[in-house]
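Trainee: Using the sequences and the accompanying hints, generate a full structural model.
Residue numbers for the sequence shown, in the numbering used here: 7 to 247.
Treat the hints as calculated values from the structure; they're not laboratory data. Please read these numbers as outputs of a predicted model, since none were measured by experiment. Even glycine gets a Cβ: it sits at the ideal position worked out from N, Cα and C. Keep in mind that a hint or two might mislead.
[Claimed, not checked] Calculated pairs, DSSO-like style, for lysine-lysine (alpha carbon to alpha carbon, straight line, at most 27 Å): (1) K32 / K97; (2) K83 / K180; (3) K97 / K180; (4) K134 / K83; (5) K83 / K97; (6) K97 / K134.
[Stated by the list, open to error] Between beta-carbon pairs, the in silico distance windows are: (7) G184 / L71: 14 to 24 Å; (8) D166 / E242: 29 to 39 Å; (9) D103 / L47: 14 to 24 Å; (10) P183 / L71: 33 to 43 Å; (11) D55 / T131: 32 to 42 Å; (12) I84 / R20: 12 to 22 Å; (13) V186 / L47: 22 to 32 Å; (14) G80 / L47: 32 to 42 Å; (15) A46 / D166: 43 to 53 Å.
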Amino acid sequence: MIGITCYHDWPEGRHRQNDTYIEAIKKAGGLPILLPCLSALADIHQHLDLVHGLLISGGPDVDPLFFGEEPEMGLGKIHPLMDAYEIPLIKEALRRDMPLFGICRGVQMLNVAAGGTLIQHIPHTVAKSLLHQQQAPRSYMTHAVTLRQGTQLAAIFQADSLRVNSFHHQAVGKVAPGFVISAQALDGVVEAIESGDARFAVGVQWHPECMWNEEHNYDAVFTAFVAAAVNYGRHEPQHGV
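Mentor: Shown next, in the form of structure tokens:
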């Protein structure tokens, strides 16, 4: 079972998630379980007791308070409840060595939870940056990323570079201790990180779940993630019902 974090729509009083995440996990052989934002520590432990892997999905900007900075011009909408849930959730998953996969906001949350920082607004920080907020359809691959050889991600994709979609204006800044950069855009923006110690703790800035049916190679990362979760489930006792 793979837990997928949800977007919390507080004006409407509801949680929601895109079908693309659910379908990507199903096609890789996993059973997707949607996790609502519940910040009590007991709820976080119960959520992780029920699943074998954790997918941190996309969403709003991350509050710079959580990485020790003041808000800068260009910071977009933040969601304190989502931050307050996901950061301890990720920390506990890392402590358990549970397989983790972060997508877009998810890679940013993974980096912050592990002790790293973010670029709050790429155009204000990166000179001559690429367009990282594409207007093309979500399945369209708009720019290239270079994969760092010797990393888990490069081994998964069996490639030196990929073309990816792009829907972000924040990015990984200082990489968290224990993590390495596994992909970068041509302007130097970090596009993926991974833990050098965990069985599977990988985050990508693009949205591979939107390109599953457009580019066959993107199934590889979901397949690897679900396989790691299956292995975790075989060796780690679950406490849920």
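Trainee: Between K83 and K180, is the straight-line Cα distance small enough, at 27 Å or below?
Mentor: The given pair, whose Cα atoms are some 22 Å apart, holds under the 27 Å limit.
Trainee: May I ask you to test the hint 14 to 24 Å on the CB atoms belonging to G184 and L71?
Mentor: Between G184 and L71, where Cβ atoms are some 23 Å apart, the hint holds.
Trainee: Measuring from beta carbon to beta carbon, are D55 and T131 in 32 to 42 Å?
Mentor: 39 Å, holds
Trainee: Please check whether G80 and L47 have a Cβ separation lying inside 32 to 42 Å.
Mentor: 33 Å, holds
Trainee: Taking 12 to 22 Å as the hint, is the beta-carbon distance of I84 and R20 inside that range?
Mentor: 19 Å, holds
Trainee: Is the Cα-Cα distance between K97 and K180 27 Å or less?
Mentor: 18 Å, holds
Trainee: Between D103 and L47, does the C-beta distance stay in 14 to 24 Å?
Mentor: With Cβ atoms ~19 Å apart, the hint holds.
Trainee: Is it true that the CA of K134 sits at most 27 Å from the CA of K83?
Mentor: Holds, because 24 Å separates the two Cα atoms, which is no more than 27 Å.
Trainee: Is 33 to 43 Å respected by the C-beta to C-beta distance linking P183 and L71?
Mentor: At 20 Å between Cβs, range violated.
Trainee: So if I understand the rule, the pair passes when the alpha-carbon distance is 27 Å or less; does K83 with K97 pass?
Mentor: 23 Å, holds
Trainee: Taking the Cβ atom of D166 and the Cβ atom of E242, is their distance within the range 29 to 39 Å?
Mentor: Holds: the Cβ-Cβ distance is about 34 Å, inside 29 to 39 Å.
Trainee: Could you grab the alpha-carbon distance between K32 and K97 and see if it respects the 27 Å cut-off?
Mentor: 25 Å, holds
Of the numbered hints listed earlier, those contradicted by the structure are 6, 10.
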